[in-house]
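**Student:** Here is what each chain is made of, one letter per residue.
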Amino acid sequence: MSDVVLSVQGLKAYYMTRHFGVQREVRAVDGIDFEVRRNEIYGLAGESSSGKTTLIKTIAAAWKPPLQIVAGTVRFSFAPDILRCKPDELARLRWKHLAIIVQGSMSVLNPVRRIRESFVDFAFRHLGVARAAFDQRVAAHLARVRLDPGIVDAYPHELSGGMRQRVTIALATICRPEFVIADEPTTALDVLVQKDVLDMMREVQREIGSSMLLVTHDLGVHAHVADRMGIMYAGRLVEEAPTAELFRAPRHPYTAHLVASLPRIGDRTARKPLEGTPPNLAAPPAGCRFHPRCPLAMDRCRTEVPPMQVVAPQHRVACFAVRT
Amino acid sequence: MFRILRDLLKTNGEFALGAALTGLVFVIAALSFVSPQPPLDVYVVPPDLPPGWPYVFGTTSRGQDVFWQLTFAIRNTLLFGLTVALLSRVISLVVGLLSGYKGGWVDRLLMSINDTFIVIPLLPILVLLYFVMRDRMTWGWLALTMALLGWAYDARLIRSVALSLRHRDFTRTSVFSGMSTREILQREHMPYVLPIVFSTTLNNMNWSIGLEVTLAVLGFTDINSPSIGGMIYWANQHTALVAGIWWWIAFPVALVMMVFIGLYLLAVSLNEYIDPRSRLSRMGIGA
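Chains as they are written, first to last, in my numbering: chain A, 4 to 327; chain B, 570 to 856.
Treat the hints as calculated values from the structure; they're not laboratory data.
No residue lacks a Cβ here, since even glycine has one placed at the ideal position from N, Cα and C.
Keep in mind that a hint or two might mislead.
Below, a list of computed lysine to aspartate or glutamate pairs in the DMTMM-like style, where the Cα atoms sit at most 25 Å apart [stated by the list, open to error]:
#1 A:Lys15 <-> A:Glu50
#2 A:Lys67 <-> A:Glu28
#3 A:Lys60 <-> B:Glu841
#4 A:Lys67 <-> A:Glu92
#5 A:Lys15 <-> A:Asp36
#6 B:Lys579 <-> B:Asp738
#7 A:Lys99 <-> B:Asp610
#8 A:Lys99 <-> A:Glu28
#9 A:Lys89 <-> B:Glu752
#10 A:Lys99 <-> B:Glu841
#11 B:Lys671 <-> A:Glu92
#12 A:Lys67 <-> B:Glu752
#13 A:Lys67 <-> B:Asp738
#14 B:Lys671 <-> B:Glu752
#15 A:Lys67 <-> B:Glu841
#16 A:Lys198 <-> B:Asp676
#17 A:Lys89 <-> B:Glu583
If we take Cβ atoms under 8 Å as the criterion, some of the chain B residues that face chain A in the derived model are [claimed, not checked]:
#18 Glu583
#19 Thr742
#20 Gly747
#21 Glu757
#22 Pro760
#23 Tyr761
#24 Tyr842
Construct all of the structure, not just a fragment, from the sequences and the given hints.
**Tutor:** This is the structure we're talking about:
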């Protein structure tokens, strides 16, 4: 398919540490396949320590020891094999083709630098235009994210949280990258500002026609903006479906619990918690990693890893208990 | 910037006192440019006159006016302190930022050099150097030597800040956007540590002036260019205290103490302004 912008296949990334001769490997990302298409927002959800951030680091080719890529490929439409790119090739790709909005992006802006200087630092080299033209583009782009272009002379602390968030989104999208990775872009904001920022983000994304990988544990955010979404559990993808279908008819028991735990207007019954805790990724359970907590667990789940299987168009689930 | 200074003057007594003392000293130093007497000439005024008119601070046994002599001495001493402070700031900024940001073997190498300089005893080394270099030990060489010896503490301080900056998101984003190490250090990290550097500059001036005075009193510097320590050295040579010429020693000592107290108060109050933790405690929140 030609409109696939990102294709991840069999990706395994482990944290390998060796302390005092004791080898330890944390399997943070353990065999993940998925694709992101052009002009689409792919939502990735999962609880803390399910490997979301590690996955992002790997996809952006920004991993560092002790994190190691054990297997798999990451293919972008503009970079056939980003995991094996040389540093100078990466430097050319980043920001121009692949931008990132990092976790807690409130602190992406250096508190002692003006907004204008942050734009120059991060984006100027990639655009290849003269300084006056660059300033004009920054102003136009700030207007696009509904900010007063005058704020370029402000320091970050002079802006509100929502404004800062808009600035970071403007920073990430000014070069019109084909792919944007957003790691918890709205976690620190209150719901009203969050909705505003998300709408704006979607608008900008549609306008410049980029694809976006949106990572957050907030299912409300996914429901609001994501076209398709994937659910991660303990380093593996357990279910993937178009957003509406995933919320309407979740198939994997973990996803089902996740969706059932969401509050609904008018429903006052208490939510049943899922027993147990996510597994320790340094010593994950054999077979399906969800089996110790799974109400449907069978003998087979304890020994075999369930493969991703298609249960409906665009809907994939990794569970033996789900019938195709 | 100016508003901050004005507010500090208004609300912070220590800062106001420090600024007043330092300002006064700088005015005295500036007066050397209008001095009626050249600093190195002797027997230009009647010797051994007590403070009075027209010799406000009295005259020395070498026939020099203590007041005008003092203006030259304090100018040289301040200039010395500033030179040492600026030179050593450059070293400590480069070492501290690089070591904190790069980490790994760069950090270990730079910090082992750094710690060596921290534990080296300074006075014996400076005295030794004077005996080796003798007349070649001019003002400039001494300043350079002190700068090379005086950067280590502050490099560690800057490194500790750089260590935390290294893990901030803006640093990560800078790296991701393809900025080079030099650009990150210079454009992103340096503005962040400058307030701290400013405060340590004042302390470093105090330290270098103190050492220079010590060396000069003992006669281990170029005694012909007037300095505070040099004045005390000459007063001792002429047994000023025994002869009852107390003003020859008292005024230089008082002036250099004004420098110390003034710079110290400035450093402390600025530090308090810069350090968010002490700012919080001043506002009555937190420890």
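**Student:** Could you tell me which of the numbered hints above are not met by this structure, giving the numbers in increasing order?
**Tutor:** 3, 6, 7, 8, 10, 15, 16, 17, 18, 24
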